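Residue-level listing of the chains:
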Amino acid sequence: MLSYLIKRLLYLIPVLFGVSVLVFGIMHLAPGDPAQVILGPKATAQSLAKLRAELGLDQPVYKQYLNWMANVLQGDWGRSIQMKREVLPLVAGRFLNTLVLTLFAALLAISVGLLAGIVSATRQYSVFDRVSMVGALVGFCLPVFWLGIILQFIFGLKLNMLPVSGMHSPGHSGFADMLPFIILPAIALSAEPAAVIARMTRSSILEVIRQDYIRTARAKGLSQGGTIWHHALKNALIPVVTVVGMQIGYLLAGAVLVEMVFSWPGIGTLMVNGIIARDFPLVQGIILLVSTSYVLVNLLVDILYTYLDPRITYD
Amino acid sequence: MSSTGSEIAVKPQGTAQRTKTRELWRRLKKDKFAVAGGIVLLTVIILGIAAPLLTSYNPYDAVLDQRLLPPGTGGHLLGTDQMGRDLLTRLFYGARISVMVGFVAVAIALFFGIIVGLFAGYYGGLVDTIFMRGIDILMAFPYVLLAIAIIAALGPGLFQAMIAIAIVGIPYYARIVRGTVLSLREKEFVEAEKALGAGNLRIIFKHILPNTMAPIIVAATLDVGWMIIAAAGLSFLGLGAQPPTAEWGVMLSEGRNFLRVAPWVSIFPGLCIFIVVLSLNLLGDGLRDALDPRLKE
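Protein chains in written order, with our numbering: chain E, 1 to 315; chain A, 1 to 297.
Bear in mind the hints are in silico, worked out from the structure with no lab data behind them. If you're wondering where the values come from, they're calculated on a predicted model, not measured in any experiment. Treat each hint with caution, since some may be false.
[To be verified] Just a sample of chain A residues kept apart from chain E, beta carbon distances all over 12 Å, derived: (1) Ile45; (2) Ile108; (3) Asp136; (4) Phe189.
[Claimed, not checked] Covered stretches of chain E (chain A as the covering partner; in silico rule of three or more C-beta atoms under 8 Å from a C-beta of chain A): (5) 107 to 119; (6) 145 to 151; (7) 258 to 272; (8) 289 to 297.
Built from N, CA and C at the ideal position, the CB exists for glycine as well.
Throw the hints in and build the complete structure from the sequences for me.
So this is what it looks like as structure tokens:
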């Protein structure tokens with residue numbers, strides 16, 4: 001296990017290096033001169049040249065990358081052109097809001113998906129099974145941003161039950177105040193992962209409960225619930241964990257869209273505004289932070305496999 | 001002599017292929033959900049192509065005294081939008097763009113994904129390492145986020161959005177093809193071709209590629225729906241197609257500002273995306289079951 005962990009951590013180095021090169025490269029491929037963006041269209045050639053030298057833009061690309069990387073590793077992620085603030089604290093604060101939303105949606109998706117999948121599998125071809133699988137198909141095909149708008153319209157504008165935008169009431173903060181604000185965005189964001197998890201859990205349990213050892217457990221007098229809980233679930237969960245891991249990427253990306261619908265103050269709104277304003281240091285910082293987190297989450301998912309299935313040794 | 005030999009080899013293969021296709025079609029026809037999905041998809045495509053024949057309205061002509069008319073009023077079956085444009089007309093024209101973007105993006109992703117997967121899988125070693133580490137890096141980004149990052153570089157626009165989501169799709173196909181090629185390259189027919197002196201490129205494109213098509217067709221069918229949603233999502237964010245383009249994502253985004261007074265402006269474009277994606281999924285699931293009936297529960 002330890003050697004696997006070390007191997008995986010070492011493997012992260014080239015991946016993260018590649019990610020950093022790609023992020024840096026993408027921003028340098030962008031048409032237009034960052035100095036021009038900062039100083040505006042009326043800037044003189046002299047002031048542009050001065051700023052380029054200050055930003056190091058007159059140096060060879062590899063040197064620019066090395067300087068940028070050295071600064072990133074020391075916590076200096078540059079300054080947002082548009083917001084005139086340090087990128088790292090700005091992005092980190094907003095990323096926390098995105099993580100809260102993502103976490104809520106993930107918990108909702110996992111609970112609903114697992115429950116629907118387990119009940120559907122144990123009552124195959126029942127009304128519940130058919131309804132939940134049609135629901136899963138619908139959830140899978142719904143565009144997240146459209147579902148968000150529909151929820152806003154029904155529960156916010158028509159029924160006036162829940163707030164439709166923001167994260168807190170004006171002048172308030174804290175978890176209790178946030179709770180009504182997060183319900184609709186979390187439901188919108190969780191629909192697709194819940195659908196995928198439900199379908200995967202159902203087919204995975206159906207496969208496992210046909211195995212001999214499950215039949216033996218039942219023959220020995222164990223109840224159906226006990227068999228599922230003690231014997232089938234752990235084995236059935238292995239492919240489900242894979243799917244949950246894959247959904248993390250969807251949740252992070254989907255959060256960008258949901259945040260725009262519900263004006264959730266996360267990285268989504270910050271990034272879209274940054275792209276439109278061509279605020280490269282900000283966009284670069286967001287992409288670097290999210291992709292690094294994503295790589296780390298995938299590592300955690302891989303480690304979770306070894307807990308669920310001790311047969312996996314990764315040698 | 002050799003040409004006669006290859007003709008002899010090709011003829012039964014061609015017949016077998018035709019029988020296989022017929023069998024696939026027979027199984028697909030039996031799946032009523034897949035057939036329904038196919039019919040709906042075909043209908044949407046036809047409606048998009050025949051849009052000028054189906055409506056007398058122009059999708060871009062603003063009629064300001066007919067703004068936000070509810071469905072069924074003033075000769076507008078689905079009502080009008082904030083500029084007084086007929087919503088149904090814009091949905092017809094929008095079908096052309098939204099569905100086309102999905103198919104073209106998948107075609108681009110397929111082309112490059114197949115090339116990378118074929119070469120990485122067939123040659124192995126250093127070629128495989130280089131290609132697949134590149135793919136690993138692309139996969140280190142959450143899907144839509146990479147597309148957004150690419151648009152950050154290229155600038156917002158429909159074409160840029162299409163390229164961005166196509167690039168995001170490449171790793172998916174590369175991995176599927178590589179996996180299939182890894183098992184195919186050890187097969188007897190590849191060994192036989194090598195023994196007959198066939199070149200690597202001939203083996204790759206003439207013998208291995210056709211055998212990788214079954215999983216690719218299923219994956220691509222299912223992926224078109226995802227690409228349509230992704231492209232509409234980018235337009236919704238203001239990073240893809242730009243107003244006043246009659247694209248479903250743009251229409252949905254524009255209608256959001258009038259949700260309280262005119263919900264239909266947002267509801268109908270979203271419904272169109274949902275219906276197309278649902279039909280593609282039904283068709284894709286049907287194709288998968290038809291290609292490998294063992295997968296059917």
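Against the structure, the hints come out as follows:
1. At roughly 18 Å from the closest C-beta of chain E, the C-beta of isoleucine 45 of chain A stays outside 12 Å, upholding its exclusion from the interface.
2. No Cβ of chain E comes within 12 Å of the Cβ of isoleucine 108 of chain A; the nearest lies about 18 Å off, and the non-interface call holds.
3. The Cβ of aspartate 136 of chain A sits about 6 Å from the closest Cβ of chain E, inside the 12 Å cut-off, so the non-interface label is violated.
4. No Cβ of chain E approaches the Cβ of phenylalanine 189 of chain A within 12 Å, the least distance being about 32 Å, so the stated non-interface status holds.
5. Requiring three or more residues with a Cβ within less than 8 Å of a Cβ of chain A, the coverage given for the stretch 107 to 119 of chain E is violated, as only 0 such residues are present.
6. With 4 residues carrying a beta carbon less than 8 Å from a beta carbon of chain A, the stretch 145 to 151 of chain E meets the three-residue requirement, and the given coverage holds.
7. Counting residues of the stretch 258 to 272 of chain E whose beta carbon lies closer than 8 Å to any beta carbon of chain A gives 4, which reaches the threshold of three, so the coverage claim holds.
8. With 4 residues bearing a CB less than 8 Å from a CB of chain A, the stretch 289 to 297 of chain E meets the requirement of three and the coverage assertion stands.
Of the numbered hints listed earlier, those contradicted by the structure are 3, 5.
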